[in-house]
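Here the structure of chain A is known, so what remains is to put chain B in place on it, guided by the hints.
Listed below, chain by chain, are the residues.
Number of protein chains: 2
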Amino acid sequence: MQIRSIETKQKILHAAQELFSKAGYESASVSDICESAGISKGAFYHHFPSKQSVFMELLSEWLKGLDAGLETVRSSRSDASQSLVQMADILPEIIRASEGRLPIFLEFCSHAARDRELWKTAVAPYQRYRNYFQEIVSQMEPAEMNESQRKAAALAVVSLATGLLLQGVLEPDAEDWAAVGKESLRMLIQGMTRRS
Amino acid sequence: MQIRSIETKQKILHAAQELFSKAGYESASVSDICESAGISKGAFYHHFPSKQSVFMELLSEWLKGLDAGLETVRSSRSDASQSLVQMADILPEIIRASEGRLPIFLEFCSHAARDRELWKTAVAPYQRYRNYFQEIVSQMEPAEMNESQRKAAALAVVSLATGLLLQGVLEPDAEDWAAVGKESLRMLIQGMTRRS
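As you go down the protein sequences, you meet chains A and B in turn.
Per this note's numbering, the very first residue in the first sequence carries number 78; after that it's consecutive.
Per this note's numbering, the very first residue in the second sequence carries number 78; after that it's consecutive.
Treat each hint with caution, since some may be false.
One copy or two, either will do: identical chains are not told apart, so a pair holds if it fits within one copy or between any two.
Quick list of in silico lysine to aspartate or glutamate cross-link-like pairs, EDC-like style, CA-CA up to 16 Å [what the hints assert, rightly or not]:
id, residue 1, residue 2
1, Lys197, Asp250
2, Lys118, Asp192
3, Lys141, Glu170
4, Lys128, Asp250
5, Lys99, Asp192
6, Lys259, Glu170
7, Lys88, Glu134
8, Lys128, Glu212
9, Lys86, Glu224
10, Lys128, Glu224
11, Lys228, Glu252
12, Lys118, Asp156
13, Lys86, Glu134
14, Lys128, Glu103
15, Lys197, Asp166
16, Lys228, Asp253
17, Lys228, Glu212
18, Lys197, Glu248
19, Lys99, Glu248
20, Lys197, Glu103
Calculated from the structure, these hints are not laboratory results.
Chain A with its partners taken away, still in its complex shape (with noise of 0.2 Å):
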C-alpha cells in the first residue's frame, strides 16, 4: 500500500472511533465518518466494504497488545504455571486501554446479540483465546487428570481470566488487578496440579 493510502486508512479509523466513541456505532454513519476523515465515499469503501468491517479493524487494534503479552507468555515455555501467573502482569494495561472502548464494544455486541452471522466474527478473537489457553494448560500436563477434568481446567482459567478483566473494568481503581489475578492464578494451578 502506497504511503498516502495508508494515511487515509488511518484517518478512516481514527474518524471513526472518535465518532463511535461520541455518537455511538449506531447512530455513525459511513457519510459522517468520511465527513469527519475529509475524504471521500469512493476512498471509504477503497478501504473498507462496510461500517462493521471499520469495527472489526478497530477491534483487532485494540486486541493487538493483549495479543502481544500473551505472545511472550507463549514464548517463555520453560514452565507454563509460572507463566500463566506471570500474564496477570498484562491485566492493568489490558483494563486502562479498554476504558474508552468499553461502551462501543458493548454497543457493537448488543447489535451482533441479533445478528446470528455477525455475532460469530464478534466472538472469534475470544475462540483465539480459549485455544491458546487450552494449549497452556495442556503443557502443563497435570498428572492426575482425565479429559474433561483437563478441559474443564482450561475453561476455568478462561474464566477466571475475563472475569478478572470485566471486573477490572467496571471498577479499575478499586483494587491492585496485577495482584490479585496472580494470587487467584495462583490458587486455581495450585487446585488443578495439586488434585487428590
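Below, chain B without anything else, positioned relative to chain A:
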C-alpha cells in the same frame, strides 16, 4: 396496589421487554411502550418515572432466578465449599434465561458506560453478588490465608462465576456448563484451601 394497577404494571413490563428485544432499548420510546401496552402515558408515569426505571425493574425480575438459587446455597450452610460447588447447578438455567435478554442488557450497558450515574445503578447487582461471595469465602476460613489472599479468593470466585456465565451465554450448547462449573469451582476451592 390494586389488582388493576398490578395488571397495568405487568402490561408495561411485558410490552417494554418485547420492544427492547425487537427494536432495541434506544429505539423504543415511552410512547411506543404505551401504544403496545394499550395504556395512557399518564398510567405509564404513575408506575415508572422513566424508560430507564422500566429497564431496571426488568433487570431485577431477570435476576430473581439467580437470587433464589444463591439464597438456597446461602441457607444450606452446613459446608460452604460444598454449597459453592453446588452453585454450578443453577448455571444452565441462568444461561438459558439470559439468551433473549442479552442484547437488551448489552445495549443498556453501552449507554450506561457513557453515563457515570447510570453506570453506578447498572453495576449495583454485580457488587451485590461480589459481597455475597466474599461472605461465603469468609465462612470457609482457609486457615493459612492472610487478608489479601482472602480478598483475592473472593474476587477469584466472582471472576470465575462471571466468566463461566459469559462463556455459557456465548456458546450455550458447547459444553455441559453445570459439570464444567462444578469442576472449575472444585479446582479453585482446592487451591484456596490447600495452600502451601
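Tested hints:
In this assembly of identical chains, the alpha carbons of Lys197 and Asp250 lie at most 16 Å apart only when taken from different copies (14 Å versus 33 Å within one copy). In this assembly of identical chains, the alpha carbons of Lys118 and Asp192 never lie at most 16 Å apart, being 26 Å within a copy and 32 Å across copies at closest. Taking the closest pair of Cα atoms, Lys141 and Glu170 come within 16 Å of each other only inside a single copy of the chain (12 Å); across copies the shortest separation is 35 Å, beyond that limit. In this assembly of identical chains, the alpha carbons of Lys128 and Asp250 never lie at most 16 Å apart, being 33 Å within a copy and 31 Å across copies at closest.
Proximity of Lys99 to Asp192 under the C-alpha cut-off of 16 Å is restricted to the inter-copy arrangement: shortest distance 12 Å between copies versus 24 Å within a copy. For the identical chains of this complex, Lys259 and Glu170 are intra-copy neighbours only, at 14 Å inside a copy versus 31 Å across copies, given an alpha-carbon limit of 16 Å. Taking the closest pair of Cα atoms, Lys88 and Glu134 come within 16 Å of each other only inside a single copy of the chain (13 Å); across copies the shortest separation is 43 Å, beyond that limit. In the homo-oligomer, the alpha carbons of Lys128 and Glu212 never lie at most 16 Å apart, since the shortest distance is 34 Å inside one protomer and 46 Å across protomers.
Taking the closest pair of Cα atoms, Lys86 and Glu224 never come within 16 Å of each other, the shortest separation being 46 Å inside a single copy and 51 Å across copies. Within a single copy, Lys128 and Glu224 get their C-alpha atoms no closer than 42 Å, and across copies no closer than 49 Å, so neither meets the 16 Å cut-off. Taking CA atoms no more than 16 Å apart as the test, Lys228 paired with Glu252 passes between copies only; the shortest distance there is 10 Å, against 30 Å inside one copy. With identical chains, the CA atoms of Lys118 and Asp156 are never at most 16 Å apart, being 52 Å at best within one copy and 65 Å at best between copies.
Within a single copy, Lys86 and Glu134 get their C-alpha atoms as close as 10 Å, which meets the 16 Å cut-off; across copies the closest is 44 Å, which misses it. In the homo-oligomer, the alpha carbons of Lys128 and Glu103 lie at most 16 Å apart inside one protomer (10 Å), although the nearest pairing across protomers, at 20 Å, exceeds that limit. In the homo-oligomer, the alpha carbons of Lys197 and Asp166 never lie at most 16 Å apart, since the shortest distance is 30 Å inside one protomer and 27 Å across protomers. With identical chains, the CA atoms of Lys228 and Asp253 are at most 16 Å apart between copies only, with a shortest distance of 11 Å across copies and 29 Å within one.
Only within a single protomer do Lys228 and Glu212 lie at most 16 Å apart by alpha-carbon distance; the minimum there is 10 Å, versus 29 Å between protomers. With identical chains, the CA atoms of Lys197 and Glu248 are at most 16 Å apart between copies only, with a shortest distance of 10 Å across copies and 29 Å within one. For the identical chains of this complex, Lys99 and Glu248 are neighbours neither inside a copy (21 Å) nor across copies (31 Å), given an alpha-carbon limit of 16 Å. Taking identical chains as interchangeable, the C-alpha atoms of Lys197 and Glu103 are never at most 16 Å apart, the minima being 19 Å within one chain and 24 Å between chains.
Checked against the numbered hints listed earlier, the structure breaks hints 2, 4, 8, 9, 10, 12, 15, 19 and 20; every other hint is satisfied.
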